[in-house]
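Chemist: Protein chains in written order, with numbering that gives the first Met the number 0: chain A, 0 to 82; chain B, 0 to 82.
Take these hints with a grain of salt, some might be off.
The list makes no distinction among identical chains, and a pair is therefore deemed to hold if it is satisfied within one copy or across any two copies.
[Said to hold, decoys possible] The list that follows gives simulated cross-link-like pairs (lysine-lysine, DSS-like), each with its CA atoms no further than 30 angstroms apart:
{"id": "1", "residue 1": "K9", "residue 2": "K60"}
{"id": "2", "residue 1": "K39", "residue 2": "K1"}
{"id": "3", "residue 1": "K39", "residue 2": "K60"}
{"id": "4", "residue 1": "K39", "residue 2": "K9"}
Think of the hints as simulated: they come from the structure by calculation, not from any bench.
Protein chains: 2
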Amino acid sequence: MKVRIHVSLKPGVLDPQGRAIQHSLEGLGFSGVNEVRQGKLIELDVDPAVTDDQLDEMCRKLLANMVIENYRIERVAQVESAQ
Amino acid sequence: MKVRIHVSLKPGVLDPQGRAIQHSLEGLGFSGVNEVRQGKLIELDVDPAVTDDQLDEMCRKLLANMVIENYRIERVAQVESAQ
Numbered sequence: 000m001k002v003r004i005h006v007s008l009k010p011g012v013l014d015p016q017g018r019a020i021q022h023s024l025e026g027l028g029f030s031g032v033n034e035v036r037q038g039k040l041i042e043l044d045v046d047p048a049v050t051d052d053q054l055d056e057m058c059r060k061l062l063a064n065m066v067i068e069n070y071r072i073e074r075v076a077q078v079e080s081a082q
Numbered sequence: 000m001k002v003r004i005h006v007s008l009k010p011g012v013l014d015p016q017g018r019a020i021q022h023s024l025e026g027l028g029f030s031g032v033n034e035v036r037q038g039k040l041i042e043l044d045v046d047p048a049v050t051d052d053q054l055d056e057m058c059r060k061l062l063a064n065m066v067i068e069n070y071r072i073e074r075v076a077q078v079e080s081a082q
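Isolated chain A (complex conformation) (with noise of 0.2 angstroms):
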């Protein structure tokens, strides 16, 4: 069973890298980006039996930085996956 993880910073953290994709962007010609932010996506192939607060506390303890950072864990259902 497929697992994505989104980790994204907290808003009022600073991004210095979505920052710098931002300028890259108006560099090039794009115009119209208010704002980037650049955050993590985690994979998993996970047992289905494993549970949410498993995933949960893995996400707690290794994957986010919860000083810093949110997490959302979305549970890819099997027709997508098998795209």
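Starting from the known structure of chain A, fit chain B onto it as the hints suggest.
Modeler: Relative to chain A, chain B alone:
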């Protein structure tokens, strides 16, 4: 308008970072994790006038390395972004 861009390594491309995460999860006592892949999540705040073609071009020119990475563009509905 919020846009999320998911950048992930193409299948078959070696992902040492994902491997390291997998080993760390095992070391922490989590079982049942078969594979881990790490990608990037780029959140843009763009003007509504920015078209899908422009977003596509941003990905191809800057945000994703088309040789080793795939990308997926997701426009976030206003309802969700207001949460």
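Chemist: Please go over all the hints and tell whether each is borne out by the structure.
Modeler: Here is how each hint holds up against the structure:
1. K9 / K60: both (17 angstroms within a copy, 27 angstroms between copies)
2. K39 / K1: Classified as both: same-chain Cα gap 16 angstroms, cross-chain 17 angstroms, threshold 30 angstroms.
3. K39 / K60: Cα proximity of K39 and K60: in one copy and across copies (16 angstroms, 20 angstroms).
4. K39 / K9: So K39 and K9 pass the 30 angstroms test inside a copy (13 angstroms) and across (16 angstroms) alike.
Consistency note: the structure conflicts with none of the earlier hints.
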